[in-house]
Structures are given as structure tokens and as C-alpha cells.
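Sequential numbering from 395 applies to the sequence shown in our numbering.
A hint or two may mislead.
Said to hold, decoys possible - Distance condition first, Cα-Cα at most 16 Å in a straight line; then the derived EDC-like pairs of lysine to aspartate or glutamate: (1) Lys672 / Glu534; (2) Lys672 / Glu768; (3) Lys681 / Glu534; (4) Lys672 / Asp765; (5) Lys681 / Glu791.
As the list claims (entries may be wrong) - Computed beta-carbon distance windows for the label pairs: (6) Glu535 / Ala767: 46 to 56 Å; (7) Gly665 / Glu591: 17 to 27 Å; (8) Arg477 / Leu693: 17 to 27 Å; (9) Leu766 / Leu485: 25 to 35 Å; (10) Leu505 / Phe587: 44 to 54 Å; (11) Leu693 / Gly670: 18 to 28 Å; (12) Glu591 / Leu565: 32 to 42 Å; (13) Phe587 / Asp643: 45 to 55 Å; (14) Arg617 / Asn533: 19 to 29 Å; (15) Glu591 / Trp704: 30 to 40 Å; (16) Leu565 / Phe645: 19 to 29 Å.
Honestly, the hints are just simulated from the structure, not real lab data. Cβ atoms here follow ideal geometry from the backbone N, Cα and C, with glycine treated the same way.
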Amino acid sequence: MSVSERLGHVSDSNSSAQGSRSTLFILLSIVVVDLIGFGIVMPVLPFYARDFGVTATTLGLLMMSYAAAQFVCAPLWGRLSDRVGRRPVILFSVAGTSASLLFFGLAESILWLFVARVLAGGFAANVSVASAYITDVTNEEERTRWMGMLGASFGVGFILGPIIGGLLSPLGYRVPMLVAAGLAFINLIYAAFSLKEPDRHVDRGATAVSASRFSVLRGPEVRRLCLIYFVYSIAVSQLETIFAFFMIDRFEFDALEVAWIFVGMAIVMGGIQGGGMKPLSARYSEKQLVVTGSLLLGLGFVLLPSAPTWAVLLLPLALAAVGRAITQPPLMSLTSMAATSDTRGVVMGTFQSSASLARVVGPVLAGLLYDLAEPGPFYLAAALMGLAFLLSRRLPERGDEPADAVPVTLGG
């Protein structure tokens, strides 16, 4: 190869890398807006549901309905994105999210609240498809960083979303839901004009069609990662489900005050995932980050119910936020590395569905345990993170070849 050809090759590579970064920032901005809408709803949801006279157990069932629909649909969306492309699935997901939020804000009974949440969960495909999109256009060295940026999108969404939801709540608990629906519609228009399909250089034919949730779980590495994410997600769902009730009953907080707590946790998580994951992933392996994050989360959950004041409560919440921030991105990165380009959608969809299944079980357990004994959900979460710690110690170190990297591409 001549010097001019080499220079041209380098120029093309740099141009391609810059194009990928530009595309990824567009993707992340779409995810951020989607999660702002989700963040608007979450702190207000318990108060909105209480207007319909629900108990903590019923609230858990309401949150479970969203997760159950997501569990069923996430792998289907991932598999479809392997066949027809990431972009159309993301657009359809955003459109469905807007419609379901509008329906939720206009609901007149608890039955229609459940119907709306089932629809919302069914259309919640963005995160799993976005993670497959990121894997399509990044190499292994930078993948954990970009997965961290995807995690930071959660942080931004949960910083801005709860603030907006809390500030709008005095106007009525329906108002935040309707604003979230409008925001999702604007996001749809933006995504339609700005998001491009990634170049995956794969045949969207028979190989992708043959992959399924069950075939990818035959690989021991993917199966172990999904199990860790399942346990982790049940633990996290304990806090997500009953935290508002806990703050109301223990410290008499209102919707805006609860929202500010969510904002504080999101700032910690977003700061670490947005700016800290690159140096952390350079110094520590994905396994080390997951192990440490599991320990911090478990410690936070143990300390949380014994806090005598809301100010003291901030310490275990900070531990939990740091633990979450350094656990999820490396788990996603390890899972993406265990698949090939033509099955990443279904693998990441299956990985996401393990969290969705956890959020079918977790909120119901949280509601039942909280109605029985206030500290119950937190102690269950701590025990589960202890199990996640033990499981994560068996993960491979960076550079180890995943045992299922090749077989996972086939359905037989």
C-alpha cells in the first residue's frame, strides 16, 4: 500500500469514527428525552395512584404490569431490530410511548391505569435497542465508556424528569403525565429527522432469524450475566417501588420533596457514568466494577431503613447511587461482548428482559413486604445484592474469551 493510500485509509477511518460519535450523540439525546419523560412520571406515579385509593401492594402490581409487558416484548423488539434495523424499532417505540403516556394521563379508573402501563411497557424498547446500536458502531476498547454514557442518559433523565414532574404536580397529578406524552411526541419528530441506521455489515437473513431468547441463554456467559442482572434488578425495584411511600410515611414528604431525592441520586449516577466510567474502565475490569458496585448497593440497602432523619438517609442513598452507577454499564458491556453483530439485538433484548422479569416479581414483593413490615423490602434488596456479589465473582476478567461467543449466534 502506497503512502497516499495509507493516508487515505487513515482519513476514512477518522471520518468514520467522527461520524459514529456524531450518530451516537444523536442516539443518546433521543434516549435522554425518552428518559426525561419516564423521569417525569416515576416520582409522581405513587401520588397519582393514591388518588385512585391504591395500597402499596396495588402500586406494586401497577408497576409490575409495565415490567411484565416489557419482559414479553423487549426480546421481540431486539430480534426485530436485528432483521429490519435499529432505527425503525426505535421510532416505533417512541411513538408508542407517547400514545401510552397520553392514555395514562387521561385514565379515569385504576383499570385504565393498568391498561396504560401495559401499553407503555410493551413499547419500552429504546434502551435494549440503543445498547445494540452502540455495540454496532463501537469497538471493545470504547464500548464500556459508551455504555456508561448510555447509563448517564438515565442520570440526565432522572435529574430533569423528576424536577419537571415535581414542579408540575401542584397543577394536578395528570398534568405531568400529559407533558411527558407531549415530550415523547416531540422526541419522535426529532428522531425521525436525525437518527440514521447504523452500518453493521451483516446479513439480516437466516442467522438473525434463528436466534431467540432461549437459544442465547444456552451460552453459560450470557446466562450468568442475565441472572446477575435479574437479581440486581429485583433489588433495585424494591427501592423504586416503595421509596415514595417510605418517605411519606416516615418523613411526611410531598411529591416535590421526593423528586429532589431522586434528582440527587441521579446527579451522583450521571456524574459517575458520564465522566467517571472512562477512567474507571481503564483502570479496573468490568468484573471488578460489578463486584464493587454490588457490595456498595448491599451496604446502602442495609443502612437505609435505620436512618433516623432524612439527612442521615442521604448516606445510604449515596452508597446505593454509586453502586448502581458502576454496576450496570459493565454488565451491559460484558453482555454485548458475548454476542456477534447479527444477534446483538436479541441478546441485549434478552438481557433487558431479565430486568423486566425482575420488575414483574420485584414490585409485588416490595408492596407485600412493605405492607407487612416497613424495612422488609430493603433487607430483601440487601440479601439479593449479596447474591449478586457472589455471582459476579465468577465473571471473566477483561480479555478472557467468552465461552459462548460463537454458539450464541445460532438458534440450534
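Does the Cβ distance between glutamate 591 and tryptophan 704 fall inside 30 to 40 Å?
-> 47 Å Cβ-Cβ, so the 30 to 40 Å window is violated.
Is lysine 681 close enough to glutamate 534, meaning Cα to Cα at most 16 Å?
-> At roughly 15 Å apart (the allowed maximum being 16 Å), glutamate 534 and lysine 681 satisfy the hint.
Taking the beta carbons of glutamate 535 and alanine 767, is their distance inside 46 to 56 Å?
-> At 47 Å between Cβs, range holds.
Beta-carbon spacing of glutamate 591 to leucine 565 - inside the hinted bounds 32 to 42 Å or not = With a Cβ separation near 40 Å, glutamate 591 and leucine 565 satisfy 32 to 42 Å, so the hint holds.
Could you see if the CB distance from glycine 665 to glutamate 591 stays within 17 to 27 Å?
-> Violated, at about 32 Å.
Pair hint lysine 681 and glutamate 791, alpha-carbon separation not exceeding 16 Å = 6 Å, holds
May I ask you to test the hint 44 to 54 Å on the CB atoms belonging to leucine 505 and phenylalanine 587?
-> 37 Å, violated
May I ask you to test the hint 18 to 28 Å on the CB atoms belonging to leucine 693 and glycine 670?
-> Since leucine 693 and glycine 670 have Cβ atoms about 19 Å apart, the given range 18 to 28 Å holds.
Assess, step by step, whether the Cα of lysine 672 is no farther than 16 Å from the Cα of aspartate 765, and give holds or violated.
-> 42 Å, violated
Starting from lysine 672, check that the Cα of glutamate 768 is at most 16 Å away, please.
-> At roughly 38 Å apart (the allowed maximum being 16 Å), glutamate 768 and lysine 672 break the hint.
Range hint 19 to 29 Å (beta carbons of leucine 565 and phenylalanine 645) holds or violated | 24 Å, holds
Within 45 to 55 Å or not, the Cβ separation of phenylalanine 587 and aspartate 643?
-> Hint holds: Cβ distance 46 Å, inside 45 to 55 Å.
The structure fails hints 2, 4, 7, 8, 9, 10 and 15 (numbered hints given earlier, in ascending order).
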